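Listed here are the chains, written in short residue letters.
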Amino acid sequence: MTPERLRRTMIFLNTQRAALVKDAFVYQPDCVIFDLEDAVAQREKDAARIQLYHTLKDLDYQGIERWVRINALDSDLFQEDIRAAVAGGAEGIRLPKTETAEDVQMVADLVDQAEVAFNRPVGTTMVMAALESPLAILNAYEIATSSPRLMGIALSAGDYTRTMHAKRTVKGLELFGARSQLLLAARAAGVMAFDTVYTDTDDPQGFIDEVKMIRDLGFDGKSCISPKQIGITHDIFTPDPKEVLHAQHVIQAVQANEAKGVGVLTVDGKMVDIAWVEGAKRTLKLAKAAGSYRGDLV
Amino acid sequence: MQLKHKAIAGTLESSDAQIILAPNDGGLHIDLTSSVYEQYGTQIKQLLQQVCHRLNIENANIRVVDKGALDCTLKARLETAYFRAIDQKVDINWEALS
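Protein chains in written order, with my numbering: chain A, 1 to 298; chain B, 299 to 396.
Source of the hints: derived by calculation from the structure; they are not laboratory data. Computed from a predicted model, the values in this text were never measured in an experiment. A portion of the hints provided could be inaccurate.
Claimed, not checked - Straight-line C-alpha distance at most 25 Å; calculated PhoX-like pairs for lysine-lysine: (1) Lys270/A - Lys281/A; (2) Lys22/A - Lys228/A; (3) Lys22/A - Lys57/A; (4) Lys343/B - Lys22/A; (5) Lys343/B - Lys304/B; (6) Lys281/A - Lys365/B; (7) Lys97/A - Lys387/B; (8) Lys304/B - Lys270/A; (9) Lys302/B - Lys228/A; (10) Lys281/A - Lys260/A; (11) Lys281/A - Lys228/A; (12) Lys45/A - Lys387/B; (13) Lys281/A - Lys343/B; (14) Lys57/A - Lys171/A; (15) Lys45/A - Lys22/A; (16) Lys260/A - Lys212/A; (17) Lys167/A - Lys260/A; (18) Lys304/B - Lys387/B; (19) Lys302/B - Lys387/B; (20) Lys270/A - Lys228/A; (21) Lys212/A - Lys288/A; (22) Lys242/A - Lys285/A; (23) Lys228/A - Lys212/A; (24) Lys57/A - Lys45/A; (25) Lys302/B - Lys22/A; (26) Lys288/A - Lys242/A; (27) Lys343/B - Lys302/B; (28) Lys285/A - Lys270/A; (29) Lys57/A - Lys387/B; (30) Lys302/B - Lys57/A.
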């Protein structure tokens with residue numbers, strides 16, 4: 001896993017539809033998720049899988065990370081989905097409806113076999129687990145620590161709210177427990193955390209408010225369903241110049257005072273101590289990955 | 299492998315191609331209609347022939363309606379039709395499709 005790799009946006013693409021997968025890189029998301037699951041009609045699963053393979057092999061996605069959402073483990077489709085994704089060279093596999101650590105381990109074992117079968121370096125294909133039920137949320141930490149392949153865990157709110165007997169609201173209060181638990185698990189396990197999609201593409205303000213909220217909570221990125229959501233999410237997740245400047249001041253001030261034995265000091269009018277340095281470094285790393293900081297403090 | 303029955307794959311949406319593959323006893327016949335026939339008709343037929351060669355399809359009627367599909371989609375639709383025509387759903391030899 002490379003923590004500094006930006007994964008602010010992951011846009012779902014219906015792999016059944018040739019027009020959607022042929023040039024989605026022009027929208028410049030950090031990641032794409034070629035969907036073989038819910039978006040694909042049952043009778044077109046085979047067509048989508050073969051389209052996936054050739055898209056992975058033939059099209060240059062210009063460094064955008066390519067993920068594949070396979071069909072769920074209760075289907076008879078996921079094994080061949082994994083083989084196609086690994087043979088095509090996908091960077092990662094997103095497992096829907098993950099409920100236990102064993103689910104991830106079963107997929108990881110199949111990925112092992114596929115990497116050997118298709119001559120890919122063993123261990124290079126990442127896995128991401130989507131948590132979509134109360135049981136999954138309760139098992140979040142076990143899932144997050146289930147495999148060295150696991151890059152991150154993601155909340156999927158559609159099935160989660162259904163199984164919780166909850167209603168989706170604009171404010172998202174019904175997801176508060178799940179978001180918090182998922183983040184706790186991800187941070188404790190040292191993997192990344194991704195938020196669910198915002199389905200109302202005609203409500204930009206609602207989307208902005210939600211992205212700001214999940215950024216402040218600590219998520220690393222958001223699943224997207226529309227190109228319109230990509231730029232907004234990137235802007236919100238990229239530290240602004242004021243934040244970058246303050247982060248530099250914090251690091252420089254703490255370093256300068258360390259030798260003097262001063263542990264607590266004031267920077268830009270705010271009290272800071274050594275505990276602030278980690279957050280400041282994270283801000284600069286994010287800014288550096290996004291191209292808005294070119295200094296050498298991180 | 300011998301085609302067992304007629305099969306269809308793809309759509310008539312923009313950037314896609316619809317391909318109907320049917321067994322016959324008298325060689326390979328490709329009937330291509332394409333929105334870019336003037337510029338790319340010859341290359342598309344060559345591509346389809348290459349796919350047939352890789353899949354050992356020697357006797358078939360192939361009707362293609364191309365709506366500006368990329369090569370990767372043309373290959374995918376013909377292969378999908380082929381696997382449907384031989385009733386194969388799993389254990390695809392993916393590397394052989396490259």
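Okay, the hints, checked on the actual structure:
Of the supplied pair hints, the one linking Lys270/A and Lys281/A holds, its CA atoms being roughly 17 Å apart against a limit of 25 Å. Restraint check for Lys22/A and Lys228/A: the C-alpha separation of about 18 Å stays at or below 25 Å, so the hint holds. In summary, the hint linking Lys22/A to Lys57/A is supported, as the alpha carbons are separated by about 12 Å, within the 25 Å threshold. In summary, the hint linking Lys343/B to Lys22/A is supported, as the alpha carbons are separated by about 20 Å, within the 25 Å threshold.
Under the criterion of a C-alpha separation no larger than 25 Å, the hint pairing Lys343/B with Lys304/B is consistent with the structure, at around 20 Å. With a CA separation close to 51 Å, the supplied pair Lys281/A and Lys365/B exceeds the 25 Å bound. At most 25 Å may separate the alpha-carbon atoms for a hinted pair to count; Lys97/A and Lys387/B meet this at roughly 23 Å. At most 25 Å may separate the alpha-carbon atoms for a hinted pair to count; Lys304/B and Lys270/A exceed this at roughly 74 Å.
For the suggested pair Lys302/B and Lys228/A, the alpha carbons sit about 46 Å apart, so the restraint of at most 25 Å is broken. Restraint check for Lys281/A and Lys260/A: the C-alpha separation of about 21 Å stays at or below 25 Å, so the hint holds. For a cut-off of 25 Å, the pair hint linking Lys281/A to Lys228/A is broken: about 30 Å separates their Cα positions. Between the alpha carbons of Lys45/A and Lys387/B the distance comes to roughly 10 Å, so the proposed pair stays at or under 25 Å and holds.
Of the pairs offered as hints, the one joining Lys281/A and Lys343/B is violated, with about 56 Å between alpha carbons and a cut-off of 25 Å exceeded. Straight-line distance between C-alpha atoms of Lys57/A and Lys171/A comes to about 41 Å, which puts the hinted pair past the 25 Å bound. The straight-line distance between the Cα atoms of Lys45/A and Lys22/A is roughly 18 Å, inside the 25 Å bound, and the hint therefore holds. Simply put, Lys260/A and Lys212/A have alpha-carbon atoms about 38 Å apart, too far for the 25 Å limit, and the pair is violated.
Restraint check: the Cα-Cα separation between Lys167/A and Lys260/A comes to about 56 Å, which exceeds 25 Å; the hinted pair is violated. In summary, the hint linking Lys304/B to Lys387/B is supported, as the alpha carbons are separated by about 16 Å, within the 25 Å threshold. Proposed proximity of Lys302/B and Lys387/B is supported: the alpha carbons are some 14 Å apart, at most 25 Å. A C-alpha spacing of about 37 Å is found between Lys270/A and Lys228/A, which places the hinted pair above 25 Å, so the restraint is violated.
Annotation: proposed proximity of Lys212/A to Lys288/A holds, straight-line Cα distance about 20 Å (limit 25 Å). Under the criterion of a C-alpha separation no larger than 25 Å, the hint pairing Lys242/A with Lys285/A is consistent with the structure, at around 15 Å. As the CA atoms of Lys228/A and Lys212/A are separated by approximately 16 Å, the hinted pair is consistent with the 25 Å bound. For the hint linking Lys57/A to Lys45/A, the alpha-carbon distance of about 19 Å falls within 25 Å, and the restraint holds.
Of the pairs offered as hints, the one joining Lys302/B and Lys22/A is violated, with about 31 Å between alpha carbons and a cut-off of 25 Å exceeded. With a C-alpha separation of about 14 Å, the suggested pair Lys288/A and Lys242/A falls inside the 25 Å cut-off, and the hint holds. Note on Lys343/B and Lys302/B: the hinted pairing holds, with a Cα-Cα distance of about 23 Å set against a maximum of 25 Å. Only pairs whose Cα atoms come within 25 Å are accepted, and Lys285/A paired with Lys270/A is accepted, the gap being roughly 22 Å.
For the hint pairing Lys57/A with Lys387/B, the CA-to-CA distance comes to about 20 Å; that is within 25 Å, so the pair holds. This hinted pair does not check out: Lys302/B and Lys57/A have alpha carbons roughly 29 Å apart, beyond 25 Å.
Taken one by one, the earlier hints fail for this structure at numbers 6, 8, 9, 11, 13, 14, 16, 17, 20, 25 and 30, listed in ascending order.
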